[in-house]
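> Sequence:
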Amino acid sequence: MEPYAVVQTGNKQYQVRKGDVIDVELLDGISEENKEVLFQEVLFVFDGEKASVGSPTVGNAVVKGELISFVRGEKVVAYKYKKRKNYHKKIGHRQNYLRVKICDLVM
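If you read the sequence shown in my numbering, its first letter stands for residue 1, the second for the next number, and so on.
Keep in mind the hints are simulated off the structure, nothing from the lab. Some hints could be false.
[Unchecked claim] Below are the DSS-like pairs computed for lysine-lysine, each with C-alpha atoms no more than 27 angstroms apart in a straight line: (1) 12 - 50; (2) 64 - 80; (3) 50 - 18; (4) 18 - 35; (5) 35 - 64; (6) 101 - 64; (7) 90 - 75; (8) 101 - 89.
[Said to hold, decoys possible] Pair by pair, the computed Cβ-Cβ distance ranges are: (9) 11 - 50: 24 to 32 angstroms; (10) 31 - 51: 32 to 40 angstroms; (11) 56 - 20: 20 to 28 angstroms.
Cβ coordinates follow ideal geometry from the N, Cα and C atoms, glycine included.
Work out the full structure, taking the sequences as your base and the hints as a guide.
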């Protein structure tokens, strides 16, 4: 089996392999000039032969990624309505994400 890791960012967990492309919530310090993304919260690592489970994180394990682009998610629509009061309100929201390509799993 090929190596993979489970990382946590933005209070969400992602299972990643080298070469995967994932969309994560915006991170501090990432811009068009600084394209390197480091995921320090590695919860689980499988190197092809043995697995390492962190408590809560695996020490010295880092997942390196590269920023591909800034993207926006699908529009989520909320609709407020009060019967017999002629009140209705439509609210839309699109979340901003970073599209990241996983370059390396350092164990």
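> Hey, residue 18 versus residue 35, does the alpha-carbon distance stay inside 27 angstroms?
holds (17 angstroms)
> Verify the proposed pairing of residue 50 with residue 18, using a straight-line Cα cut of 27 angstroms.
Roughly 17 angstroms between the alpha carbons, so the hint for residue 50 and residue 18 holds.
> Is it true that the C-beta distance of residue 31 to residue 51 lies inside 32 to 40 angstroms, as the hint says?
With Cβ atoms ~35 angstroms apart, the hint holds.
> Confirm or reject the claim that residue 11 and residue 50 have a C-beta distance inside 24 to 32 angstroms.
holds (28 angstroms)
> Is the straight-line distance between the alpha-carbon of residue 101 and that of residue 64 27 angstroms or less?
Holds, at about 9 angstroms.
> Verify the CB-CB distance for residue 56 and residue 20 against the hinted window 20 to 28 angstroms.
holds (23 angstroms)
> Please verify whether residue 12 and residue 50 have alpha carbons no more than 27 angstroms apart.
OK: residue 12 and residue 50 at ~24 angstroms, within 27 angstroms.
> Taking only the CA atoms, is the gap from residue 64 to residue 80 under or equal to 27 angstroms?
Violated. Residue 64 to residue 80 sits at ~43 angstroms, over the 27 angstroms cutoff.
> CA of residue 101 to CA of residue 89, is that 27 angstroms or under?
violated (39 angstroms)
> Please work out if residue 35 and residue 64 have their alpha carbons no farther apart than 27 angstroms.
holds (11 angstroms)
> Are the Cα positions of residue 90 and residue 75 separated by 27 angstroms at most?
Given that 27 angstroms is the threshold and the Cα spacing comes to 12 angstroms, the pair holds.
Hints 2 and 8 from the earlier list are contradicted by this structure; the remaining hints agree with it.
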